[in-house]
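The sequence shown: position 328 = 328 (our numbering), numbered continuously.
Hints in this document: simulated from the structure, not taken from any laboratory.
Note that the Cβ used here is the ideal one computed from N, Cα and C, for glycine as well.
Check the hints yourself; a few may be wrong.
Pairs of lysine-lysine, DSS-like flavour, derived with a Cα cap of 25 Å [stated by the list, open to error]:
1. K110 x K63
2. K71 x K110
3. K389 x K63
Each pair of labels, with its calculated beta carbon distance range [stated by the list, open to error]:
4. G41 x G230: 51 to 61 Å
5. M493 x T378: 33 to 43 Å
6. S166 x A345: 50 to 60 Å
7. A386 x K467: 43 to 53 Å
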Amino acid sequence: MSSHRLSSAAFVVAAGMVFGVYARTVNVTSQTDSSVTFAFGDQDGLAHELFVAHGATDGGEDKYAWTSFEKVADIASDQATLEYAVPERLRDGRPMRFFLMQALDVNMAKELVSIRSTGAQWINAGVAPAAGWTIDFRFGDPVYVEGTAFFGRGWDFKRYLFCQQSSKFRFYGENGTLDVGAMPKFGVNYRCVIDPSYTEFSNVSSVLTLTGDDGTESRSSIRRSVAGSGNFAIFGIDNAKLATFTFYRMKIGTRNANNANTVKVRDFIPAVNANGDIGLYDQVNNAFYKNQTATPFVPGDELPQERFGRVKDETPTFRFHRTVSVSSATARAATLAFANPDGAAYKLYVAYGQADCESDKNAWASWMEVRTIAADETSYTYTLPAALKADGVFYRFFLVKTDDLPYASELASITSTGAQTVRLDYIPGTDTTTDLRFGDVQYENSKVLFGTSWDYYCYTFGMQSNKFEFHGKGTQFPDVAPTAGTDYRCRVMGDNSVILDTDENTSQITETRTAYPYSELCVFATYGGSNAAKYRFDSMIVKEGAVVVRDLVPVQTKEGKGALFDRANGRVFENATDTDFTQGEAFERQGWVISTTASLQGSSVHGFIVIIR
1 MSSHRLSSAA
11 FVVAAGMVFG
21 VYARTVNVTS
31 QTDSSVTFAF
41 GDQDGLAHEL
51 FVAHGATDGG
61 EDKYAWTSFE
71 KVADIASDQA
81 TLEYAVPERL
91 RDGRPMRFFL
101 MQALDVNMAK
111 ELVSIRSTGA
121 QWINAGVAPA
131 AGWTIDFRFG
141 DPVYVEGTAF
151 FGRGWDFKRY
161 LFCQQSSKFR
171 FYGENGTLDV
181 GAMPKFGVNY
191 RCVIDPSYTE
201 FSNVSSVLTL
211 TGDDGTESRS
221 SIRRSVAGSG
231 NFAIFGIDNA
241 KLATFTFYRM
251 KIGTRNANNA
261 NTVKVRDFIP
271 AVNANGDIGL
281 YDQVNNAFYK
291 NQTATPFVPG
301 DELPQERFGR
311 VKDETPTFRF
321 HRTVSVSSAT
331 ARAATLAFAN
341 PDGAAYKLYV
351 AYGQADCESD
361 KNAWASWMEV
371 RTIAADETSY
381 TYTLPAALKA
391 DGVFYRFFLV
401 KTDDLPYASE
411 LASITSTGAQ
421 TVRLDYIPGT
431 DTTTDLRFGD
441 VQYENSKVLF
451 GTSWDYYCYT
461 FGMQSNKFEF
471 HGKGTQFPDV
481 APTAGTDYRC
491 RVMGDNSVIL
501 DTDENTSQIT
511 ETRTAYPYSE
521 LCVFATYGGS
531 NAAKYRFDSM
541 IVKEGAVVVR
551 DLVPVQTKEG
561 KGALFDRANG
571 RVFENATDTD
581 FTQGEAFERQ
591 GWVISTTASL
601 QGSSVHGFIV
611 IIR
């Protein structure tokens, strides 16, 4: 029996999936080279524990997937903040995530990695499905038996049914059925995500994504209003059409068109209660759901005791990398400090020019290799060349990883031809901000530079009515018509504004722009690959609050294709179509930027007074 979790590609989708705020919450408010500060909200009168998970290869939100899981601190019922000094052993560049936990119900005996049905079990979830439901279901090792159900309410349309039929996975909705992939494969773990999509006025469709750890993926959408009566069942429908598979986890939420958050309805994990019954424990209601037949489930492995607990809330995944900073500076030298040794050597570069180009390494006029920084090196003093001593010259240091790069070369840009889309495995929310640098845009009506869907109440930047347009809560029109050959920077800010900059024009919009998390954020097109625009992509940063969730630069893959590399997570996001991008110039300098210093300039550096001689 397989008890492993899903693969990297499967887990990242859920990282952006919002399952709403309930009871106590935890958020990262700031991060330094060695510490993290948390804020706790929604006091509920209960004490909790904060855990840190570290080292998962998939970086998912599931606490069971991490290689280490350890307690950070007890959180009192009225505690509002905590500053945590992250041990050096956890600052090695591998992903981390923090979980706010509450102890399981006293009647719970133990938590399991999985339970397996044999075609003779089913569970009544005690709630009827609704049209605004979301489902995140993880399962594996399905034995194909025609006409059996993984979950559902009845065997007809409008029943929210996921089953095996006609040698395929199948989902029943309002307009008929969705076929999502070929015959279920034994030995493969799957993730089935069903998410509603709305316009301002009505329920439009459900988007179903089925991902297997064998690399398969299927996506479909269908109109589906759930009708009728009767409770939702798992492992079958009522006491019929019972399927055989391994159950890992199922999250159920509900959302309507006027609610940006998804409210948790159920969060099932496999467990054994105090009486020895094998079933599902709901972390939302602190309740145990028993098998409705006399034939017991087959239990999977028991989880370590320290991983017991009800997950109340969790932070996004992030990393501590090797860092570089300026510890002192004079007119002739800059002393650099290196933190978070991770056992690897890095290259140090200095870039300089006549303008402060922020942290974008591709924007600097000149770029020089300084030296290799050893794995255990903590400081280095760099004697400035004459070019950097001149008044008015900006310069910046970049710490670059050069070994084991996941791409062939970094590119100055990639240009879309209207036939490409890149999915980012991230669903934006009300706290999402983006910073896109692009150019050479070709105006075509109703074309998308990035976004989730082409309607109101979404998160989409495109072109319409001869102007750039951003879709949020209502519609905003930056008063700028796209011009071929022009460079732009579009910033969708956290203060409910959209700023579009060119060399000649700046347009700022300060209307409300709440974005509901309907579907995955895509670049060059909306979710599903529709309305793709033609333009040159230079770079894009996506943040969730203060946390960088995507830091994208153009690259050429090892197979020679254009793609986007995420410097925040070390992942390559490939083009989802067969038509390649037009690739820009490859940089002679190669490497993944791990850390940068702030920009330095002539006579004033980080508060250090520098006299130019």
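To see whether the hints hold, each was checked on the structure:
The hinted pair formed by K110 and K63 meets the criterion: a straight-line CA distance of about 15 Å does not exceed 25 Å. Under the criterion of a C-alpha separation no larger than 25 Å, the hint pairing K71 with K110 is consistent with the structure, at around 19 Å. Taking the CA atoms of K389 and K63, the gap is about 51 Å. The hint is violated against a cut of 25 Å. Here the CB-CB span from G41 to G230 is close to 37 Å, at odds with the stated 51 to 61 Å.
Checked against the hint of 33 to 43 Å, the C-beta distance between M493 and T378 comes to roughly 37 Å, which is consistent with it. Separated by about 56 Å at the C-beta atoms, S166 and A345 satisfy the suggested range of 50 to 60 Å. Checked against the given bound of 43 to 53 Å, the beta carbons of A386 and K467, roughly 47 Å apart, stay inside it.
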